[in-house]
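Trainee: For the record, the sequence lines run as chains A and B. Residue numbering for the first sequence follows the working numbering, starting at 1 and increasing by one per position. Residue numbering for the second sequence follows the working numbering, starting at 176 and increasing by one per position.
No lab work stands behind these hints, which were simulated from the structure alone. Even glycine gets a Cβ: it sits at the ideal position worked out from N, Cα and C. Watch out, some of these pointers could steer you wrong.
[As the list claims (entries may be wrong)] Reference listing, derived: stretches of chain B covered by chain A, where coverage requires no fewer than 3 residues with Cβ under 8 Å from a Cβ of chain A:
| id | region |
| --- | --- |
| 1 | 259-270 |
| 2 | 454-465 |
| 3 | 641-654 |
| 4 | 657-663 |
| 5 | 712-724 |
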Amino acid sequence: MKISRRRFLQVGVTGAVVLGAAAWLNHEPDTPAQGMRALNAAEAGLIRALAPVILAGMLPNETAQRQVALNEVVEAFDRGLAGMPLSIQAEVKQLLGLLTFSPSRALVAGVWKSWPEASEADIRAFLLKWQASRFVLLRAGYQALKQLMQACWFGNPLAWPAMGYALPARSGEIL
Amino acid sequence: MACDGLCPSGPLGGNTLVSKLPDPIRLGLDRGWSVQNGATLKADLALEADIVIVGTGAGGGTAAEILSAAGLKVIMIEEGPLKSSSDFRMQERDAYPQLYQESAGRQTKDKAITILQGRSVGGSTTVNWTSSFRTPEATLQHWQDQWGLRDYSQGALAPWFARMEERLSISPWSVAPNENNDILRRGCEALKIPAAAIQRNVKGCWNLGYCGIGCPTNAKQSMLVTTVPASLDLGARLLHRVRVEKLLFSHDKAVALEAVALDEAGIHPTGIKVTVRARHFVMAGGAINTPALLLRSKAPNPHGTLGKRTFLHPVNVSAALMDSKVQGYNGAPQTIFSDHFLDTLPLDGPIGYKLEAPPVHPILAGITLQGFGEAHSTWMRRLPHLQVVLALLRDGFHPESIGGTVTLRQDGSALLDYPISDYVWDGMRRAFFTMAEIQFAAGAKVVTPMHEKGKPMRSWSEAKQHIADLAMKPLECRVVSAHVMGGCGMGSDEKRSVVRGDGRYHQLENVWVFDGSAFPTSIGANPQLSIYGMVARNATRLAEALVSQRKPLVG
Numbered sequence: 001m002k003i004s005r006r007r008f009l010q011v012g013v014t015g016a017v018v019l020g021a022a023a024w025l026n027h028e029p030d031t032p033a034q035g036m037r038a039l040n041a042a043e044a045g046l047i048r049a050l051a052p053v054i055l056a057g058m059l060p061n062e063t064a065q066r067q068v069a070l071n072e073v074v075e076a077f078d079r080g081l082a083g084m085p086l087s088i089q090a091e092v093k094q095l096l097g098l099l100t101f102s103p104s105r106a107l108v109a110g111v112w113k114s115w116p117e118a119s120e121a122d123i124r125a126f127l128l129k130w131q132a133s134r135f136v137l138l139r140a141g142y143q144a145l146k147q148l149m150q151a152c153w154f155g156n157p158l159a160w161p162a163m164g165y166a167l168p169a170r171s172g173e174i175l
Numbered sequence: 176m177a178c179d180g181l182c183p184s185g186p187l188g189g190n191t192l193v194s195k196l197p198d199p200i201r202l203g204l205d206r207g208w209s210v211q212n213g214a215t216l217k218a219d220l221a222l223e224a225d226i227v228i229v230g231t232g233a234g235g236g237t238a239a240e241i242l243s244a245a246g247l248k249v250i251m252i253e254e255g256p257l258k259s260s261s262d263f264r265m266q267e268r269d270a271y272p273q274l275y276q277e278s279a280g281r282q283t284k285d286k287a288i289t290i291l292q293g294r295s296v297g298g299s300t301t302v303n304w305t306s307s308f309r310t311p312e313a314t315l316q317h318w319q320d321q322w323g324l325r326d327y328s329q330g331a332l333a334p335w336f337a338r339m340e341e342r343l344s345i346s347p348w349s350v351a352p353n354e355n356n357d358i359l360r361r362g363c364e365a366l367k368i369p370a371a372a373i374q375r376n377v378k379g380c381w382n383l384g385y386c387g388i389g390c391p392t393n394a395k396q397s398m399l400v401t402t403v404p405a406s407l408d409l410g411a412r413l414l415h416r417v418r419v420e421k422l423l424f425s426h427d428k429a430v431a432l433e434a435v436a437l438d439e440a441g442i443h444p445t446g447i448k449v450t451v452r453a454r455h456f457v458m459a460g461g462a463i464n465t466p467a468l469l470l471r472s473k474a475p476n477p478h479g480t481l482g483k484r485t486f487l488h489p490v491n492v493s494a495a496l497m498d499s500k501v502q503g504y505n506g507a508p509q510t511i512f513s514d515h516f517l518d519t520l521p522l523d524g525p526i527g528y529k530l531e532a533p534p535v536h537p538i539l540a541g542i543t544l545q546g547f548g549e550a551h552s553t554w555m556r557r558l559p560h561l562q563v564v565l566a567l568l569r570d571g572f573h574p575e576s577i578g579g580t581v582t583l584r585q586d587g588s589a590l591l592d593y594p595i596s597d598y599v600w601d602g603m604r605r606a607f608f609t610m611a612e613i614q615f616a617a618g619a620k621v622v623t624p625m626h627e628k629g630k631p632m633r634s635w636s637e638a639k640q641h642i643a644d645l646a647m648k649p650l651e652c653r654v655v656s657a658h659v660m661g662g663c664g665m666g667s668d669e670k671r672s673v674v675r676g677d678g679r680y681h682q683l684e685n686v687w688v689f690d691g692s693a694f695p696t697s698i699g700a701n702p703q704l705s706i707y708g709m710v711a712r713n714a715t716r717l718a719e720a721l722v723s724q725r726k727p728l729v730g
């Protein structure tokens, strides 16, 4: 118990230093991308790159449908983020900032190419690394990305046929 | 009404559909209820009342009706929006941002526990799964013995539980359980573990299974459709989308509260301020928020107890695949339970747990299941065959289960720090064993503990090995909570507690905590009926005291 507490504190400090350095050094403008409320262009690119890996097996295969799905995931992520309390938005933006700033992306995520250019294998390796990381902060980052992305797609009626889900028959008497 | 969150503004999605059923809230508004949406306020408001109630959930709603019926002038203030059946479109993506704290993503400080807590008129009762239990005997005995709460015997509380059961149509659910719950029942039966049916607060329930995202038929007897409308009919006033920032004190009394109006999305203050002066102040924002409001107000805290001992009933979860369809999203969500692993363990021994089944809707199941990509989608693509059991741990009864501490972020918002102790982890591992054994006994083909390293297990013997080997760590083992309790615990000794047994703040003459934050431990059962019973008694006593010594308003 004592050891894990101490380790947690160390991770907290290291994590805070990395986050702080990335925020300090990153001078990319943070203005929402066209049509977005919270995500800037680089962050929208990150979400779009992660989506096919996190949602593998759940997205349509047909090209046009897949593009619609990916667009809606990014839009839902943006809407969802903009709908959260400001303190949570700030935290998520800090995580996205860390991942879209090239030096910290390479250092902490181990992804050397920009997200739109990264291979699915690289992205998968990054997610697996954070999923099993001994650092609580990175596991929390993985959980945030995974859960937000999954919520953004599984709540969309377009996603339901692949999982065999439908509203109950009697919903027609209500809606 | 505006769609606040994840729902699209385009032609896709369910938000273009509107409920065709009568909406008692919209009918009441048409009758001329005194209701104001903070988002539309154009000028500051300065109000006076006998009683101002912060929060409209199980505690605030119950108190509002009782105090209004006594002829007192009541103002209810709710941070969340007023949403009603016309807005409840059976869509998770609409409901979570609209009806839950932090878009249903409220988390503890290290993010290891996700907390489902309501945030709209009706509070968590608008989104709970209707499970109704009287406070267990063992819990009440512990409160009497350890916390000096002498009038918290089962006999003394029985009439108050009975009164609220009648008020909210709480009764045995005679309809057959859905398959998700019946598998829990059959598994327990096969292992000779006692299980029973859960009482529910419903009237004319359609058995749809969408209680958690706003009942679309108004069958659920939440505060939204019972005590809050009754209070408004009695002349109470409701402000929603208004966040209380702090109480102002003079000597040992509160004299006023200051609040800010929020925009329609409930995020940014609009700049409009609301001030309420009152004789008495009822705190009912729910655990986490009530202690946070008192901390922001710098309420007297001579013994450092405020915000401490906040409990969660930490929950871990086990998923199974069945050959036949389960469709855990259809039918009343929570109808079977087992208390075997509470009843057979002493309160001061290893942590005990209650077994229940949750609803299995796409977002809730999807984000709770471990992993991503193919490993995740092999489960998700078989959603109709997914069966889920949860174990709810009884925290707060043992020296190694001291719960969490509510703190304030820099911006003044509430943050709960709840480190999971080895004592709690031990209970979760035992619960994983129990749940897997029950699921296999009920015929599951594959079972997995919801844990990032949880593998598909194909037999009970395989499960015994795998669960024993799992590292129980934060953000690997999935831990959730739907019950937040404590932080302003009751007790006779003010050095160890925050409020008295009647709910009054120890050091403040006219501040009352009438919500789940007053519990000195967790309940060991879904807490709504415990809150109703306790608050019905305490609010009635307050009303009687005020009516018998009626004084002019504080000036």
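Trainee: It remains to establish, for every hint, whether it holds in the given structure.
Mentor: Each hint, compared with the structure:
1. 259-270: holds (count 5)
2. 454-465: Contact hint for the region 454-465 of chain B vs chain A: violated, 0 residues under 8 Å.
3. 641-654: With 3 residues closer than 8 Å to chain A, the region 641-654 of chain B meets the three-residue bar; holds.
4. 657-663: violated (count 0)
5. 712-724: It is violated: at least three residues are needed, and the region 712-724 of chain B offers just 0 whose Cβ sits closer than 8 Å to chain A.
Checked against the numbered hints above, the structure breaks hints 2, 4 and 5 and satisfies the rest.
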